[in-house]
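For this one, chain G is given, so just place chain D on it according to the hints.
2 protein chains.
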Amino acid sequence: YTKAKELVSKMTLDEKINLVVGMGMKMGAMNMPGGAPNVGQTMDKVPGAAGTTFALPQLGLPTTVVADGPAGLRIEPKRVNDANTYYATAWPVATLLASTWDVKLVEQVGKAMGNEVKEYGVDVILGPGMNIMRNPLGARNFEYYSEDPLVTGKIATAMVNGIQWNGVGTSVKHFAVNNQETNRNSVDAIVSERALREIYLRGFELVVKEAKPWTVMSSYNLLNGTYTSQSYDLLTTVLRKDWGFKGMVMTDWFGGKDAVAQMKAGNDLLMPGTPQKRKAITDAINNKTLDVKVLDENATRIVAYILETPAFKKYAFSNKPDLKQHAVLAREAAANGMVLLKNNNTALPIIAAKNIAAFGNTSYDFISGGTGSGDVNEEYTISLVEGLQNAGYTVDAELKTIYSAYLYDYKAKHPKKSFIEEFVNPTPNASELLLNNAIISSKAASSDMAVITIGRNAGEGKDRVVLNDFNLSKAEQQLIDEVSTAFHAKGKKVVVIINAGGVIEVASWRDKVDAVLLAWQPGLEAGNAVADVLSGKVNPSGKLAVTFPVKYEDEITAKNFPGKEFKEKAVTGFMGQKEIPAEVTHEEGVYVGYRYYNTFNVKPAYEFGYGLSYTNFDYKNVKLSSSTFKGKLVITLEVTNTGTVAGKEVVQLYIAAPTNKLDKPNEELKAFAKTDLLQPGQTQTLQFVIDAKLLASFHTAASAWVADAGTYTVKLGTSSLAIKQTATFTLAKEILVEK
Amino acid sequence: YTKAKELVSKMTLDEKINLVVGMGMKMGAMNMPGGAPNVGQTMDKVPGAAGTTFALPQLGLPTTVVADGPAGLRIEPKRVNDANTYYATAWPVATLLASTWDVKLVEQVGKAMGNEVKEYGVDVILGPGMNIMRNPLGARNFEYYSEDPLVTGKIATAMVNGIQWNGVGTSVKHFAVNNQETNRNSVDAIVSERALREIYLRGFELVVKEAKPWTVMSSYNLLNGTYTSQSYDLLTTVLRKDWGFKGMVMTDWFGGKDAVAQMKAGNDLLMPGTPQKRKAITDAINNKTLDVKVLDENATRIVAYILETPAFKKYAFSNKPDLKQHAVLAREAAANGMVLLKNNNTALPIIAAKNIAAFGNTSYDFISGGTGSGDVNEEYTISLVEGLQNAGYTVDAELKTIYSAYLYDYKAKHPKKSFIEEFVNPTPNASELLLNNAIISSKAASSDMAVITIGRNAGEGKDRVVLNDFNLSKAEQQLIDEVSTAFHAKGKKVVVIINAGGVIEVASWRDKVDAVLLAWQPGLEAGNAVADVLSGKVNPSGKLAVTFPVKYEDEITAKNFPGKEFKEKAVTGFMGQKEIPAEVTHEEGVYVGYRYYNTFNVKPAYEFGYGLSYTNFDYKNVKLSSSTFKGKLVITLEVTNTGTVAGKEVVQLYIAAPTNKLDKPNEELKAFAKTDLLQPGQTQTLQFVIDAKLLASFHTAASAWVADAGTYTVKLGTSSLAIKQTATFTLAKEILVEK
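In the order they appear, the protein sequences are chains G and D.
In case it helps, my numbering puts the first sequence at residues 28 to 766.
In case it helps, my numbering puts the second sequence at residues 28 to 766.
Worth flagging that the hints you see were computed from the coordinates, not collected in a lab.
Treat each hint with caution, since some may be false.
[What the hints assert, rightly or not] Quick look at which bits of chain D chain G covers, simulated, 3 or more residues with Cβ under 8 Å:
1) 419–433
2) 436–448
3) 604–614
[What the hints assert, rightly or not] Over the 10 Å line for every Cβ pair with chain D, so calculated as not near, a few chain G residues:
4) Tyr28
5) Pro84
6) Lys239
7) Asn251
8) Gly271
9) Lys381
10) Gly419
11) Lys440
12) Phe446
13) Glu532
14) Thr667
15) Val716
16) Ala719
17) Lys760
We treat Cβ as the ideally placed atom computed from N, Cα and C, and that holds for glycine.
So that you can see chain G by itself, here it is in the shape it has in the complex:
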């Protein structure tokens, strides 16, 4: 930092401003308020990367490259006049990774992801995304981890530690409360201080304290009246002073309005900068409305970052990461994050069936990940039918012919658009093919079982909708009905695979089928990973880190999502799109996800923490290090595999806190652990450590984290509603944990 300070002291004003006004990707001629972004060395160094910092070679400072995104490195796979390819691994989406509840596995993924970042000459990957899944329709939920801040913070910590282990950086995002895409550049999130601290900031707090991400990305939205990228309170008071963040803050692309306010707030790097922003800062310095000391500090933090980068260290990147090895890991992670939602009469794993009739468009065109900046340019995606074939099953050839022809036609009529065109006007997915019942019946006769895939995709720019997205389309419902009727008439099983980055409605149709596997969007090895679970090669151990409601209307946030619009005040904004001032009030406060469902006794379709296994686990011998809390509590539990096949169990530790001073959720997740692969009969002792902060709630009046005195109940469960062991301890006297 001293060296950074020294370098900044040698800079001209122009050089400092060049540093803080970063450079973006080439975007073609666009009608952009604030003008086109500066375009610099990026396109030459790593085509397809999202941006760069300005190089000052006279001071020994190279350009550094930042690139998307949460599910893997997003760069251009092909380059002009270059026969080499630059594919990156499409990892399982963040939601799947969180569903593993396996911080070691996620850290391994992070290490491999970071290896690709480093070996492709990139300095910072723009991820992970760690906003809270406030509402199931949030389009970027697939890029986020959970509705719960502890899962979010712990999984993000593992990911950041893994990536940064390589000596490259992360940019945890989007800081903060960017829980929706609707009006993302203009919506003002109105959130109570308590909900902010306990829910929306808590994951960031954990990752900042436990993993020290190199950078934080401020979000597009306003928070309680101020753009987050212009908020001194958020970026300096909370992030730096309260949490001790030492890194650099950058804007989301074209985020915020007032470059000078951004400098003052501590948003060091404007991505990508525009001539207008450069001018605004220059003018402010000249007018003395911006103290050059502020700018120096911003520049110093950028330089400090640059000094850590592979670029500065002249790392000789290979452009040859070991993609084959990474694919093996991607497959392992994918299979471990899938959630078995239903399994009647041990329909799964597949025992005898050899000939499988695969229904549903997505069986033939599996979705590896979401769209937008969370997308990755991978070399291939293994479809479900390919995965089944690789696993030795025979898939029905006529169905393959029919679906392939249908999908070819659809794609031929909807040619791939550029990233920008797709962003502005997303191509809808092909509607579910409806088959003649005679064909379905003939397959019920000739095949041993049916698999139906229900596919969903979403991504930045446009939130999901209830009709034909959260809810199944009529065609999908009909497909499930007709296939189930025909196969059950022949005594054959029907399994539904959900290939989605987020939550869908399941309650209305799950009774019709024998098993439901939530495969999420599992990355490039998709079909192989699904086949691993279907065949029993991998025993599913994923658990939901997000609630599946019975119906969308059950969601407490539904009445405040995506908020109110002030259409009469609309202006032309980002990429020529209409920017409508809007406001979303988080009326539910801290009662997000299971905190709402469990406290208000609203029965979900599948609760937070839920997930089946091919085996069973017994919980016993729960022990507390003490029955009274004295700064720290250690809890142990024995978990035994009582079934007939090996498996892993995720044990969740919830605590019900005393509510004498504050209303609180029925219980909150405070720790979790995953067993190793336990053989039948094998037992493992798990340990959970509880500190005072984990007992605390944020008392707004006191503006402090306070652990209330009273009796706390520890609930050890296989889901938030399936509590298998409980224990209590007391806190004699209230603790003021942080102020």
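What follows is chain D alone, placed relative to chain G:
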């Protein structure tokens, strides 16, 4: 007529008004200006019929039933609590029938169609349609015969004679100048007196004089400022006084605005009547603004019609017409009206090919006829592939699987709507399936030839458009490109079947394929009839009765179609649809169709009268009964089949008239004749009779048909541009033919 008069004299005013205010089909609750139609005995007698007249049993007058339409009887095929079916024959559409140029064959079709009318208990069929095909986008062109009034009048005469031979009636329609659907209830057709007499009214004149249709249906539009149904000039002066029409005139359904004006104009029957119209007439009689003598005359003409009907004669209809026999005739007519547009290197008939790869959605879902009231509820339509299979060919099974699945899906997602819903919001056709080139290549290897069907459909309510309708869609172009390339690479032929009710663009793609057969919409035996022609079982003898332009913009009428709209004056009209006052000026005058192309040397893709055969014909020994015209001229011509297979030839007699007094088309069709099936080497002498009216033009100043003095050239051709023999005669002195 005396008896009718006597019966009317016994009627009360109410009874008379009940008679003139007819009854319609049940249409459900609709927002209709003027109120819902009266619904009477129709639904009980013949479900699905369009309307009835009011019964006055006290006077011995039964209800009579009128039903659509031009391509066959349109009634409900199924009835409540009745196991019997009431299917009718879907005949080839009018455009195909005209393309036979075979008045004997059309009369046979008329006899069979009329038999179904009679045997199903209907009294009048609402057809034929005989408006002029002014512009290729006219949605009802399929219901009409030709761009030429002589073909129109002669074919309509054959049809009316055939139908009425059964003792049932016709309603020739839509009288007059209803050449478009856009704003059909509000458009004012501005037409010169000459164009009216020579083009738009001429066909009606011929049919009224030569076939005496029982009824005429006035049209929806205005003509030179007046609704046709309210025009005394049109319905009384021209139709009755000039032409001697003795029958009844009825409105098109809900046509016109002013019931009293309709009565006065001679529009006897209002279909279907409404309470408002009944009230308007009653009030006008009471106010003395309508003379009861006018109403008496209207009523008398209705009674005179009723007295002729099977209903009055208590005909015991069987409900069992011989549909099997009619299907045989429908197939024969269909094969004889198809037009072979291109046949390079005798690609057709098929000699050696056995395995056929059929491409194009419509190959699997052939279109028998147009939509709307011109549609028929037939029991089946033989698709192209069924027809080919019936003829002993093998069609590719994989393509059948793919196309069938694609079309099933589309139809399942677009369930059949009611007639009214379909009218208001027509279901678009499935877009052309695009196939993976690998599949096309494999078919080029495994099949002996390719057939590609290009399908089009249209009907009342909405005119066609250029994009993806008149012009091929991108997918269709791509299909033709890829199939042609793949099959030609293997030395195999590609044949395109056009399955359309009207004209499409052909010039841009015809060079890519070996043969093009214009199959029109050939009725329920469609695929069998196409196979008859492809196999050579029937040698094609159809000729175009409408020009195929190189491009839509070549059409002289394009700049005045569908006319100007006065949107600011829009009102809510028929079926709640917007009614926009509009105006279409027939700026081209008499230069419609080939009269324009030939006179102004605009080269069409395929000219009026064009059509290939599998054999060749020689024309010789043209003889005129005299070289000077003296009231009548007889022309004979010997036609010899000089090829190697039997065939029929349509010889067209055009006359180029002197233009010293009036500009005139280069030539106009004045007669035509079709040979019998001539064996190779066989010769037939055809005879054509020309009377003075055929030489005359309408001189507007004199308001008279005048044959100008001078030299007339007779052109005997196999098309309007392929003239094989000419001869001249002179008219010494101008003849005033009619005034």
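Status of each hint after checking the structure:
Note: the stretch 419–433 of chain D has 6 residues with beta-carbon separation from chain G under 8 Å; the three-residue rule is met and the coverage holds. Given as covered by chain G, the stretch 436–448 of chain D passes the check, having 3 residues with a CB less than 8 Å from a CB of that chain where 3 are the minimum. A count of 0 residues in the stretch 604–614 of chain D with a Cβ less than 8 Å from any Cβ of chain G is obtained; the coverage claim is therefore unmet, three being the minimum. Distance check for G/Tyr28 against chain D: the nearest CB is about 59 Å away, which clears 10 Å, and the non-interface claim stands.
Once the 10 Å rule is applied to beta carbons, G/Pro84 is consistent with being away from chain D; the minimum gap is 51 Å. In this structure G/Lys239 is separated from chain D by more than 10 Å, as the shortest Cβ-Cβ distance comes to about 51 Å. Here G/Asn251 stays apart from chain D, with its beta-carbon at least about 46 Å from theirs, past the 10 Å limit. Look at G/Gly271: its CB is around 58 Å from the nearest CB on chain D, clear of 10 Å, so calling it non-interface holds up.
Interface exclusion of G/Lys381 from chain D stands, the closest Cβ pair being 23 Å apart, more than 10 Å. With a least CB separation of 26 Å from chain D, G/Gly419 remains clear of the 10 Å interface cut-off, as annotated. The Cβ of G/Lys440 sits about 6 Å from the closest Cβ of chain D, inside the 10 Å cut-off, so the non-interface label is violated. Its beta-carbon lying about 24 Å from the closest one in chain D, G/Phe446 satisfies the requirement of being farther than 10 Å from that chain.
For G/Glu532, the requirement that its beta carbon stay farther than 10 Å from each beta carbon of chain D is met, with the minimum near 20 Å. The beta carbon of G/Thr667 sits about 50 Å from the closest Cβ of chain D, which is more than 10 Å, so the claim that it is off the interface holds. In this structure G/Val716 is separated from chain D by more than 10 Å, as the shortest Cβ-Cβ distance comes to about 56 Å. At roughly 59 Å from the closest C-beta of chain D, the C-beta of G/Ala719 stays outside 10 Å, upholding its exclusion from the interface.
The Cβ of G/Lys760 sits about 67 Å from the closest Cβ of chain D, beyond the 10 Å cut-off, so the non-interface label holds.
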